[in-house]
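Engineer: Let the hints inform the model, and build the full structure from the sequences given.
For what it's worth, my numbering labels the leading residue of the sequence shown as 1, then goes sequentially.
Honestly, the hints are just simulated from the structure, not real lab data.
Among the hints, erroneous ones may be present.
[Claimed, not checked] The following label-pair restraints were derived from C-beta to C-beta distances:
#: 1; residue 1: 213; residue 2: 42; range: 55 to 65 Å
#: 2; residue 1: 135; residue 2: 244; range: 20 to 30 Å
#: 3; residue 1: 213; residue 2: 274; range: 50 to 60 Å
#: 4; residue 1: 42; residue 2: 174; range: 54 to 64 Å
#: 5; residue 1: 218; residue 2: 134; range: 38 to 48 Å
#: 6; residue 1: 288; residue 2: 19; range: 53 to 63 Å
#: 7; residue 1: 92; residue 2: 220; range: 28 to 38 Å
#: 8; residue 1: 240; residue 2: 134; range: 42 to 52 Å
Using N, Cα and C, we set each Cβ at its ideal position, and we do this for glycine too.
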Amino acid sequence: MGTTEPDQDGSDMTASVDPIEVLLADPGAAAETLAAAVEEADDRLAVDVVASADDATERVARGEYDCVVADHDPPDRDGTDLLGRVRDHDPDLPFLLCGNGRDEAAVLARRIARAVESRHAVREAERRRDRLERFVEVVSHDLRTPLNVAQGRLELAADECDTEHLAPAADAVDRSLALVTDLLTLAREGEAVTDVERIDLASVTEACWATVETTDATLVVDTDRAIRGHPSRVRQLVENLIGNAVRHGGDGVIVTVGTMEPMHTSTRADADRRAGFYVADDGSGIPPERRDQVFDTGYTT
1 MGTTEPDQDG SDMTASVDPI EVLLADPGAA AETLAAAVEE ADDRLAVDVV
51 ASADDATERV ARGEYDCVVA DHDPPDRDGT DLLGRVRDHD PDLPFLLCGN
101 GRDEAAVLAR RIARAVESRH AVREAERRRD RLERFVEVVS HDLRTPLNVA
151 QGRLELAADE CDTEHLAPAA DAVDRSLALV TDLLTLAREG EAVTDVERID
201 LASVTEACWA TVETTDATLV VDTDRAIRGH PSRVRQLVEN LIGNAVRHGG
251 DGVIVTVGTM EPMHTSTRAD ADRRAGFYVA DDGSGIPPER RDQVFDTGYT
301 T
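Structural biologist: See the structure below:
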């Protein structure tokens, strides 16, 4: 099955779409009529008809089809038995059963198209994930090499001289290596976070402040609360928020990290409400005309 391609005017066109190859396993006298009606209902579908489950199994084994449709109760073999034989050859090949009353051709055509399109969407997502993982592995390797060199040089420098600047530099390199590892893990495992622990908000804020270029900004930590989260991702979040506040807050900006109390809503019980935290600054703020845009993916100033 192919994919639709945009026409010159931006609309979708289906003329270049490859046919969806369908195998109809049905010994009934009306099978050919049903196949023709299905093809007429959706011109992407090309339907071959076989009369027995054995013939269907042989065709499926050759890997020629995008979908199999079977009568629910063929004379020679139960349709669910055919399903098992198809699954032995191709575990995720779309397989549809027709009821005794026969689906209308248009309805059956839609079922076939949806099943095949869903399968192709899953496979495309898997291919994209594989490409992303390979890309991240290459980038991670290329980033780790100079960072490891810098780490080794800093260790040598620490043996030869005593300066307060080496420790923050070493921490920054260690943090960068940890981010590279997190990037690779995220590409492999997706966005789910399962490894959470108790994190002292004041401590992580002060650690982030030490690694961000803060110039003449001032930090105020107005919380003694602990939160639960993934340590590396929480630190990355707080670093980004502090960096944005310092970068856009103006000269002498004061950055405050504090606690937000649970919000009272009509849709959550008291036990389900959660407290949060905020990172705020006393800068000029976001211009009113941009406030609707700041949460758009990719928006930047």
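Engineer: Starting from the range 28 to 38 Å, see whether the pair residue 92 and residue 220 falls in it by beta-carbon distance.
Structural biologist: Since the Cβ atoms of residue 92 and residue 220 sit about 56 Å apart, the hinted range of 28 to 38 Å is violated.
Engineer: Could you say whether the range 38 to 48 Å given as a hint is met by the Cβ separation of residue 218 and residue 134?
Structural biologist: Once the Cβ atoms are compared, 44 Å apart, the range 38 to 48 Å for residue 134 and residue 218 holds.
Engineer: Just tell me: holds or violated, for the beta carbon distance of residue 213 and residue 274 against 50 to 60 Å?
Structural biologist: violated, 32 Å
Engineer: CB of residue 135 to CB of residue 244, is that within 20 to 30 Å?
Structural biologist: holds, 27 Å
Engineer: The hint says 54 to 64 Å between residue 42 and residue 174; measuring C-beta to C-beta, is that right?
Structural biologist: holds, 58 Å
Engineer: Per the hint of 42 to 52 Å, is the separation of the Cβ atoms of residue 240 and residue 134 within bounds?
Structural biologist: Between residue 240 and residue 134, where Cβ atoms are some 27 Å apart, the hint is violated.
Engineer: Is the distance from the Cβ of residue 213 to the Cβ of residue 42 consistent with 55 to 65 Å?
Structural biologist: Roughly 59 Å apart at Cβ, these two residues keep to the hinted range, so it holds.
Engineer: Falls inside 53 to 63 Å, the C-beta gap from residue 288 to residue 19?
Structural biologist: For residue 288 and residue 19 the Cβ distance comes to about 54 Å; the hint holds.
This entry does not satisfy hints 3, 7, 8, going by the numbered hints stated previously.
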